[in-house]
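K.L.:
Using the sequences and the accompanying hints, generate a full structural model.
Each protein sequence line maps, in turn, to chains H and G. Numbering-wise, my numbering puts 829 at position 12 of the first sequence, and it's gapless, one number per residue. Numbering-wise, my numbering puts 95 at position 93 of the second sequence, and it's gapless, one number per residue.
Certain hints may be false.
To be verified - DSSO-like mimics (lysine-lysine), calculated; alpha carbons at most 30 Å apart, straight line:
no., chain 1, residue 1, chain 2, residue 2
1, G, 101, H, 888
2, H, 887, G, 40
3, H, 826, G, 101
4, H, 826, G, 7
5, H, 874, G, 7
6, G, 58, G, 40
7, G, 70, G, 58
8, G, 56, G, 40
9, H, 874, G, 40
Since the hints were derived computationally from the structure, they do not count as laboratory data.
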Amino acid sequence: DGGITQSPKYLFRKEGQNVTLSCEQNLNHDAMYWYRQDPGQGLRLIYYSQIVNDFQKGDIAEGYSVSREKKESFPLTVTSAQKNPTAFYLCASSRAAFYEQYFGPGTRLTVT
Amino acid sequence: DQQVKQNSPSLSVQEGRISILNCDYTNSMFDYFLWYKKYPAEGPTFLISISSIKDKNEDGRFTVFLNKSAKHLSLHIVPSQPGDSAVYFCAASAGGNEKLTFGTGTRLTIIP
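P.N.:
This is the structure in structure tokens:
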């Protein structure tokens, strides 16, 4: 059955290390998104991609990087430049020109 | 600058009664609005949406009302059930762009 997969569910890293979060979808959606959620805050957009090999910065892109080499995959790298990387990260996808986004289960990243 | 605001961080409602969740927005370019429901440690799931050409949309126990002049929308859940206990986010989009702006969420607790 179709859906969005994020792995792993929990991730622990030492400060100063880059870490890559995986996001895969088999919904044949064109657009994919990365959000970050912090306690008491809404979902803030990090990066989004509307087609393969193209992506745009969201509201809080500093310290993050993405790639979109395949339609199904949109990995997010949290670099050592990200000041507060500990958060719950959510990946989503949507059909072109459709607003409803479908979310993955999320990855909780803890950096110490 | 919070363009989508959910001013009530939490709400408690008795089972069987009506739950009303509110959302205000400041960007007059927003023309499509969505509600999402989120359980802890999971991704949000889409509930219901409304276009700015309508003022009401219904889907089963869920109804969304839009008041464009007041830049206000609300989600009514009736009757409320224990499984409705979750965090609810409203989101908005402008001008055909799939990019969504989310509110900070309201935690709804249904009391048996």
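K.L.:
What are the numbers of the hints that this structure violates, sorted from low to high?
P.N.:
none
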